[in-house]
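4 protein chains.
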Amino acid sequence: MKRPVAESGGVPLTFEMQRRVEFADTDLAGVVHFTRFFQYMEEAEHAFLRSRGLSVVMRWHGQQLGWPRVAAECEYFRPAFFEDVLTLRLTLTKVGRKSLTYTTEFYRGEELLARGQITTCCCIMLPDGRMSPIELPEELRQRLLAP
Amino acid sequence: MKRPVAESGGVPLTFEMQRRVEFADTDLAGVVHFTRFFQYMEEAEHAFLRSRGLSVVMRWHGQQLGWPRVAAECEYFRPAFFEDVLTLRLTLTKVGRKSLTYTTEFYRGEELLARGQITTCCCIMLPDGRMSPIELPEELRQRLLAP
Amino acid sequence: MKRPVAESGGVPLTFEMQRRVEFADTDLAGVVHFTRFFQYMEEAEHAFLRSRGLSVVMRWHGQQLGWPRVAAECEYFRPAFFEDVLTLRLTLTKVGRKSLTYTTEFYRGEELLARGQITTCCCIMLPDGRMSPIELPEELRQRLLAP
Amino acid sequence: MKRPVAESGGVPLTFEMQRRVEFADTDLAGVVHFTRFFQYMEEAEHAFLRSRGLSVVMRWHGQQLGWPRVAAECEYFRPAFFEDVLTLRLTLTKVGRKSLTYTTEFYRGEELLARGQITTCCCIMLPDGRMSPIELPEELRQRLLAP
Numbered sequence: 001m002k003r004p005v006a007e008s009g010g011v012p013l014t015f016e017m018q019r020r021v022e023f024a025d026t027d028l029a030g031v032v033h034f035t036r037f038f039q040y041m042e043e044a045e046h047a048f049l050r051s052r053g054l055s056v057v058m059r060w061h062g063q064q065l066g067w068p069r070v071a072a073e074c075e076y077f078r079p080a081f082f083e084d085v086l087t088l089r090l091t092l093t094k095v096g097r098k099s100l101t102y103t104t105e106f107y108r109g110e111e112l113l114a115r116g117q118i119t120t121c122c123c124i125m126l127p128d129g130r131m132s133p134i135e136l137p138e139e140l141r142q143r144l145l146a147p
Numbered sequence: 148m149k150r151p152v153a154e155s156g157g158v159p160l161t162f163e164m165q166r167r168v169e170f171a172d173t174d175l176a177g178v179v180h181f182t183r184f185f186q187y188m189e190e191a192e193h194a195f196l197r198s199r200g201l202s203v204v205m206r207w208h209g210q211q212l213g214w215p216r217v218a219a220e221c222e223y224f225r226p227a228f229f230e231d232v233l234t235l236r237l238t239l240t241k242v243g244r245k246s247l248t249y250t251t252e253f254y255r256g257e258e259l260l261a262r263g264q265i266t267t268c269c270c271i272m273l274p275d276g277r278m279s280p281i282e283l284p285e286e287l288r289q290r291l292l293a294p
Numbered sequence: 295m296k297r298p299v300a301e302s303g304g305v306p307l308t309f310e311m312q313r314r315v316e317f318a319d320t321d322l323a324g325v326v327h328f329t330r331f332f333q334y335m336e337e338a339e340h341a342f343l344r345s346r347g348l349s350v351v352m353r354w355h356g357q358q359l360g361w362p363r364v365a366a367e368c369e370y371f372r373p374a375f376f377e378d379v380l381t382l383r384l385t386l387t388k389v390g391r392k393s394l395t396y397t398t399e400f401y402r403g404e405e406l407l408a409r410g411q412i413t414t415c416c417c418i419m420l421p422d423g424r425m426s427p428i429e430l431p432e433e434l435r436q437r438l439l440a441p
Numbered sequence: 442m443k444r445p446v447a448e449s450g451g452v453p454l455t456f457e458m459q460r461r462v463e464f465a466d467t468d469l470a471g472v473v474h475f476t477r478f479f480q481y482m483e484e485a486e487h488a489f490l491r492s493r494g495l496s497v498v499m500r501w502h503g504q505q506l507g508w509p510r511v512a513a514e515c516e517y518f519r520p521a522f523f524e525d526v527l528t529l530r531l532t533l534t535k536v537g538r539k540s541l542t543y544t545t546e547f548y549r550g551e552e553l554l555a556r557g558q559i560t561t562c563c564c565i566m567l568p569d570g571r572m573s574p575i576e577l578p579e580e581l582r583q584r585l586l587a588p
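Protein chains in written order, with the working numbering: chain A, 1 to 147; chain B, 148 to 294; chain C, 295 to 441; chain D, 442 to 588.
Source of the hints: derived by calculation from the structure; they are not laboratory data.
Check the hints yourself; a few may be wrong.
[Claimed, not checked] Example chain C residues on the side facing chain B (calculated, C-beta under 7 Å, incomplete): (1) E316; (2) Q333; (3) E337.
[Claimed, not checked] Computed far set for chain A versus chain D, every beta-carbon distance over 10 Å: (4) G62; (5) A71; (6) S99; (7) Y107; (8) R141.
Using N, Cα and C, we set each Cβ at its ideal position, and we do this for glycine too.
Only chain A is shown next, with the shape it has when bound in the complex:
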């Protein structure tokens, strides 16, 4: 996975939130289903955007922006259980010309349970439903990286 490079005044951009494991997140093996870690990552990404005054559903110059995923991955070290309160530590690891990469670590207390990554591309939604990649709008970039 990529090392942190996104910086805001020299400090890598991180964001932390808590997420309690809900019953519907578990499977018959008694642990959190592996797909849920991807949903948790998305929740952290969207909470990070809100913390910067942004939303994943936003308009720009009268056009709807979208953030389709280019790639997603997760490594699993230890299982998570029902009612665990997880700490999700998100780092904006890469700010590309048209894409953003987020790395998220999942902790239960000091224990690292999993580490995942999502790369997402800035697009405008065309009227016919297709999406077309664009360069990150400057205002968006500034809000993302503001100290």
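With the hints as your guide, set chains B, C and D onto chain A.
Just chains B, C and D now, with coordinates in the frame of chain A:
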């Protein structure tokens, strides 16, 4: 991602199934939510195991086997839409001493929409809920690789 | 729950499909999570519409139709388990002026596991995202009730 | 639906929590998928139990208790949207000999979006995976109804 190495009489082991996109798989962007591709991969993995007379929920020498995920990843090339009938082409790309790696390609007709990979570890479920990795039982290995 | 009244030449309209329980449908109690029965009902409803040459995502006189849910309910008699192949027997129990009611029974072999009902309202989607109820278009009604 | 009858010193037992709508809760109609309201109800139920020092996963006299659902229903009045912060107002509407009924109202500000109900039965989990209904343990009843 890994290249196919699992072979059964010289032929890489592949398995194909159809999966229709359901309404609950979509999100407000009008496409299949990116987490669902991981669920689809798991459905293909389990269907593959059934096609070999196996189940992901199985006992071995009186003990419950489990298959926790070690890693999962997916690359997304094109969106999938409601009611698309996707072809999932699964290949058993690696048979390790204790782990299996599956690569799955998602097609709509001839169009490759996404490619993902899951690595899963053979474990026995301990009475206290923990899991302990074991070498793939020989009978299991034979069933997986039978021509 | 309502008794069947929708008829097509005197015969209540029914539709049957099989649905295998997937791993992601289960929870830590080892059974299908109760919310999934509602998703299964929706899958049966949409398969029924397809069997009639319709789709829940359809246009009518250039406008997008939508089917928001007015009410949903389910009674649970017995649990369903991983890899069970369930038979979903859907009946169109009521065709109202603006709404449709579907009742679905879930069987494992001869065993009735659950019975649920969804009432859904025919709407046009307004440009601002709201939905406005309309009378069932006559062509739609005919396709639904065709013998 | 049932009127509130559960009382604790004459006051119906209610519990309130906030729940933000996540992206994965939405569908292609741009609203929260109707099945998610059932998941939200379960989250409120489990948060209520925690507020009473209980958990839906608990042991009693060395046996595992379970709470299979007997019935669930929901009426939908208005759609909920991405990033809405919903208020879930849960009332313990009925305490039966072996069952509990919870009614949950969903508000966005003052607006009532939906009202649902879950009836759940107190069971012990048998070694073979089946569940057997039991009378609510007295200690549990007291904790639930404590002022």
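Here is what the structure says about each hint:
| no. | hint | result |
| --- | --- | --- |
| 1 | E316 | holds, 5 Å |
| 2 | Q333 | holds, 5 Å |
| 3 | E337 | holds, 5 Å |
| 4 | G62 | holds, 19 Å |
| 5 | A71 | holds, 18 Å |
| 6 | S99 | holds, 18 Å |
| 7 | Y107 | holds, 20 Å |
| 8 | R141 | holds, 22 Å |
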